[in-house]
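Protein chains in written order, with numbering that gives the first Met the number 0: chain A, 0 to 196; chain B, 0 to 747.
These aren't lab readings, by the way, just hints derived from the structure by calculation. Ideal placement from N, C-alpha and C gives every residue a C-beta, glycine not left out. Warning: the hint list may mix true and false statements.
Here are some of the chain A residues that sit facing chain B, going by a computed Cβ distance under 10 Å [stated by the list, open to error]:
id, residue
1, Ile19
2, Asp22
3, Asp38
4, Met40
5, His49
6, Ser70
7, Arg130
8, Asn169
9, Arg173
With a straight-line Cα cutoff of 25 Å, these simulated BS3-like cross-link-like pairs (lysine-lysine) come out [said to hold, decoys possible]:
id, chain 1, residue 1, chain 2, residue 2
10, B, Lys653, B, Lys697
11, B, Lys697, A, Lys5
12, B, Lys30, A, Lys5
Residues per chain, in single letters:
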Amino acid sequence: MTIVPKRLAVKFNLKREPRIQPDDLAPIFQRWIQEHTVDGMLIDVIDYKHVPEGPGVILIADEGDYGYDLSDGQIGLQYIRKRDLPDNLPDALRLTFRQALSAARQLESEAPGDLAFDYLSAKITFLDRMRYRNTSERFDELHDEISSALSGIYGASVRLERCYDDPRFNFALRSTVNGDLPADDVVEGLTKNLTPV
Amino acid sequence: MTTWKEQLADQIPETMGILIDTYEAQIELRKQGKLDEKVFAEQRLRKGAYGQRYDNGQRHDGVQTRQLSYPSGELVKGPDTLWDAPGMQRIKIPYGGLTARQLEVLSELADEYADGILHITTRQDIQLHYVHIDDTPDLMRRLAAVGITTQEACGNSVRNITACTLAGVCHDEVFDVSPYAEAMTQFLLGHDDVQDFGRKFKVAFSGCAGHACGLVKMHDLGLLAQTRDVDGEIVRGFTVFVGGGLGTVPHQAKVLVDFCSEEQLLPLTQAVSRVFARLGEKKNRNRARIKFLVAKLGIDEFRRLVQEELETVPHDDRHTAYLDSLGDFTYEPAKAGMSLNGTAMPDGFANWYQTNVYHQAQHGYSAITLHLPLGDFTAQQGFHLADIARRFVGDNIRLSVEQNIVLRWVADADLPAIYRELHAIGMGDAGAGTIVDITTCPGTDTCKLGIASSRGLTAELRTRLIERINLLPDAVRELKIKVSGCFNSCGQHHVADIGFFGNSRRSGNHKMPHFQVVLGGQWHENAGSYGLAVGAAPAKRVPDVLEALTNRYVAERAEDESFQSWVKDLGRKAIKAMLQPYMQLPSFDDQPEYFSDWGDSRVYTIDDIGVGECAGEVVSLFSLEIAKAESTHFEALLALDDGNFHLADEQAYKAMVLAARALVRTKYLDVGDDYDNIVNEFRSRFYDTELVYDRFAKGKFARYLFKRHDQIPNRVNEDYAHQMMDETQLFIENIHTAEQRINGVIVS
Ligand code: SF4
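If we strip away everything but chain A, and leave its shape as in the complex, we get (with noise of 0.2 Å):
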């Protein structure tokens, strides 16, 4: 059995430039931590909206960051799971899609019409360079197992190919639901896939 990184992470992207600015991320996250919007016991906001490219405005939490991510030019949610992984592969990869996708269904709801997630894509990130580094033959290694979990997670099959060349950058999947799917049903069969039985 593969064993799990030490952190995962699964960022969705937004489809459109949204008219909310990163300005107006940190009070809601910290509304978030006043009315305990998301899982996860929530710490803190830190805001590096300031850094090109960056982690954007982070809600910290104990087993697992949420963050308006910046990084690779475009904006997204991404949920960084931090501890606590189910000891198997697809299960922790159940458990971070479905933090990412409800903490982005959430973002989506506070500015309705203006923030909208592209949830037939996702970067996964494994951030664990001593188990997973970067190189093309542990893509081959993983990839069967990785968009098997996928696969059962968005009850389609997926296309995986890596984010980076670059061996001393993170283990980055960007996976993408094949085929003409209506988006609408994607996301239904994501939500109830992802809900805990």
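Start from chain A and add chain B with the ligand according to the hints.
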């Protein structure tokens, strides 16, 4: 499963590896409740693993204070510091010098263990935030494998030794101070004479008197390069300053020695350290920096004591050994120097060239400054920058006390190309060293002591100033702004033209974040004079304060008049009157926005302030030393569990020697590391005198040590190893009891 420890075993220097293993064992002991929380806290701090805001398990969310229930429950990593609470890892980068490979590893760590950001401090360190303590041993191993240590990065120890960023390439320097800063770093790291300070000790080197770069006058120990003609030969040395510092009460350093030769540099530093360790305040941390000792004794008496101490400093080959290799300290540029001729200039290059490029003393080369917002950069920028460095400058990277990165040895002909590449990764901002290049401490973002949001204010001022930078008169553009989140001055506000430090005021039933305005500090001449506090304004009015000040300065200054001299001439009273309109406190009902800090939508509170760890825990030298013995004993137990009986025996023996050394050092600081010496001193001072005798067992426990020391076992089997473990445990207990009895702490 492979671990970083196994994977990097061949790359980590042995001494660093042992220190990290010991620290990891201490983590385990602390988790089992077998290591006192204060002792562990000091050990942790000395490894650079620092607390962060909210680590006491409380957070005010703007409505009420809530408990943060971390999974490890009540387990603490220091007084009031919960185990699972995210912390900050400080990483020492001596004189800010980095290689491309080191930059890559730091970047890897930032995104695997922290929040993806590397932060440069005003001491040329790197800090990573939101790090879990359980990750710190591996983080340290990965650093050690590329020659970086976090040892003594915090706590009551010698902090990162700083030096001019331009050392070695500067037109005005007397000589390159970098190799001396390196030699002193190596010499003092872990040195016995710097382990028993009541507070931190900061050292800086500067290559000349006139510029700011080394800031020697605001340091505990400042070394200013000088040469002297001795019998027709030019010899190198330093003017030695002592007792400077910022903090709540800033002190200008005093000259300890006009000229200290390079041969005497390390012995003199050692003598200063010994005097500070012996006579410095230990109980009241607010008066424990060396500046208070110098002020109390007077510089003449302090000098006399140091001279006296110098006579007793034991001979050490290392005092002068480094001088033989000074010539090896050279720089390898990636390219031959070439002038900038006829190359096409990209957009924005001219502005950047004006503010960020310094022509080196070496013809055809420049040093360029990467002006970083709030001292932050991302892991990905770090990787790209390492590539750029390799291509253009090699390993000639330095971090600056103004929280920037400096690439040295850029061939002038490459300036447009490197600008283009830096711009592409978001590191090509112009304005280095100008009013937009604001220095700031972490403040309420992450610091437990922060009162107001220094980073929030800095981000706001920076955004506004960048918008207007081209409209600002030169006199304003050249001003320096520095911001601290509280009076502790980590943002160095005392030495800025315009400084701010956080405080708070009450209006009705609500607290309002404020910044005290400090004007006319001097950055030049090595932080030659400190600014005047002229009054506090609500945080939200600080941008208006800045505008009022700069407008009036421009309108009234005489030609070429500096800001310092204008402030001095105008006087505190007139300035206060000018700022008065901005200092009014509105009511909460009228202007609620004043009751939130910059970048923070919560209603302001200071309920989140915790107990700072800047000072470290004041723990006796004995406690620190015996903790090393205990963790070594713990490692012996692990070896026993692994069936490695030989290693278990060796570690247990070492633990006994370390315990004996802990006791010996309470009476004889210079006992050194030699096992024979330690055992002999222990025997004559504590065994022959019966000071370690147990009421019933008499000298039995001490004889466990003598037995093992006198006879190396022929065969170590499991039974023997077990027995060694028990004897070591009893011996360590015996040392604890003896120390309490001898030093009169607990007698029961
Ligand atoms: S100046 Fe105050 S707020 Fe800023 S880092 Fe230092 S102690 Fe913290």
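Run the structure past the numbered hints and jot down the numbers of the failing ones, going up. 1, 3, 9 and 11
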